[in-house]
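Add chain C with the ligands to chain A, keeping to what the hints say.
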Amino acid sequence: MANSKQTSDEIVVKINGLNKAFGDHVVLKNFDLELKRGENRVVLGKSGSGKSVLIKCIIGLMEPDSGAIEVLGQNIPDLGHVELDQVRVKIGFLFQSNALYDSMTVRQNLEFPLRRHWMQITQKEVEEMVMEALDNVDLMHTVDMMPSELSGGMRKRIALARTLILKPEIILYDEPTTGLDPITSLEIIELINAIREKYKTTAIIITHDLKCVRLTADLVTMLIEGCNYETATYEALAQSNDPKIRQFFD
Amino acid sequence: MRLPEDTRKFLYETGDIARFSMRFFQEAFHPRYEVREFFHQCYVIGYQSLPLVALTAFIMGFVLTMQLRPSLVIYGVESMIPSMVGIAIVREIGPVITALIFAGKIGSSIGAELGSMKVTEQIDAMEVSGTNPFKYLVVTRTMAATLMLPVLIILGDAISLYGSYLGVNIWDTTTLTLFFTQVFEFLTYIDLVPAFTKSFFFGFAVGIIGCYKGYHSEKGTEGVGSSANSAVVVSSVLIFVIDLLAVQISDLF
Ligand SMILES: Nc1ncnc2c1ncn2[C@@H]1O[C@H](COP(=O)(O)OP(=O)(O)O)[C@@H](O)[C@H]1O
Ligand SMILES: [Mg+2]
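Residue numbers (the numbering used here), protein chains in the order written: chain A, 1 to 250; chain C, 251 to 503.
This is chain A alone, in the form it adopts within the complex (with noise of 0.2 Å):
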């Protein structure tokens, strides 16, 4: 349980030995790693490198060829359909392309989770909550309008209302902000620094983008060649003198 609203000893994620291929493409080779509560993680990798598939394996979208994802307690590949979406619930994921429902209004878009979650709930509480949401990102005036009608910057912070809504305990971002100008990727930054102060979330950030790195980040870990590389501080790593560390500062 959360004992504290800070940084816990409590290990809310936990993953062993992670093994996945693709045929001959061995992307993930024994990965380990560890989150505490409250705790912020980047995951810096070159792109192809494997993130995407890492988180993905997270919140069950993936199946491990083998290894052990423990989330909250449960074994991620042990659970079936039933337990699988509980512990979703708990679990909120920022999609790459934001994966906003482009045929919905923005309100249908934050709605969708919330009435497939949670089918007892009524109008008046689903309207709270994405008013809520909306809020949180400072779009309240989007509500009716269609994906296609907003800017990049915009359906990212969208969809990260539509992420924040089932209010996750974790929060794994998939690259933030890969390919956003550098003002919108601040602003992003911000956002996350923000939700994390107001709602005590552990975060696993995937990015290539330093800044993001920097600004967000309690430790990161490296991943290369399939493995957690090094797990330390910004500044540690920005030190190192390992020229595979290296490349990722120069």
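Read the hints as simulated data drawn from the structure, not as lab findings. Treat the hints with care, since some could be wrong.
[Unchecked claim] Among the chain A residues that face chain C by a calculated CB cut under 10 Å, a handful are:
1. D32
2. L33
3. F112
[As the list claims (entries may be wrong)] Lysine-lysine pairs mimicking BS3-like chemistry, simulated, CA-CA at most 25 Å apart:
4. A/K46 x A/K29
5. A/K200 x A/K36
6. A/K124 x A/K198
7. A/K211 x A/K36
8. A/K46 x C/K385
9. C/K385 x A/K90
All of these numbers come straight from a predicted model, not from anything done at the bench. Ideal Cβ positions, reconstructed from N, Cα and C, are used throughout, including at glycine.
Showing chain C with the ligands alone in chain A's frame:
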């Protein structure tokens, strides 16, 4: 012995489609049922194809009548036009043409829609939002296509026959009652049953292939385009294959 690459691919895909269809039957008859989305899809798939089906059906009936007339006049049997057109339309041309139009419109739109949902991770997003995307997207669309196409075919047949009635009236005069009496003189229930039955299979083929192609779309806009395209090609070919099987089977009786 190793089969050529293309043959292997073809066989793989055929097996994959068969598995995909099996999954449809497994998921379709177990809760939860996505009733709202199903009715919405019936509206989108059925109602919105109606104008196109009506237009093509009308033209088919009219043109067929005009084309048949000269040769029948030579033998002095132009009074047979209603019966001939009736049989041709109800047994074969109506179902097949409507199904092809349907494949072009609905197959491609399902393929493109699910394809773009796949590449922009919307299908994954549904999955993590406590929704089985196969039930929500594939089952509803395939069911709607299976049930709506027969309805469209019946309406299309009626409109075709009306087109034919107008075609007859260009040279001769006949009344609607007389025309339809002549149509049904040679058309029995036995003719309607196989035509009606195969139209369900046509609808299922268009729905399931559209969904399969979209669901397995490759990354990028090119992937979405090619899944829409191959959804139309494969389902159109399949319509002819089913038609061929249907005629063999109904010949047995
Ligand atoms: N569904 C899949 N099928 C086959 N290969 C895949 C699949 N998903 C990812 N890969 C491969 O896994 C590797 C890592 O992908 P990904 O995790 O998306 O990279 P990134 O670190 O940029 O997020 C890539 O080489 C990609 O080609
Ligand atoms: Mg990625």
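For each hint, the structure was consulted:
1. D32: 24 Å, violated
2. L33: Cβ of A/L33 sits 20 Å from chain C, so the hint is violated.
3. F112: 6 Å, holds
4. A/K46 x A/K29: The hint holds at about 15 Å.
5. A/K200 x A/K36: Holds: A/K200 and A/K36 sit about 12 Å apart, inside 25 Å.
6. A/K124 x A/K198: 23 Å, holds
7. A/K211 x A/K36: This hinted pair holds, its Cα atoms lying about 23 Å apart.
8. A/K46 x C/K385: 36 Å, violated
9. C/K385 x A/K90: 23 Å, holds
In this structure, the hints that do not hold are numbers 1, 2 and 8, in rising order.
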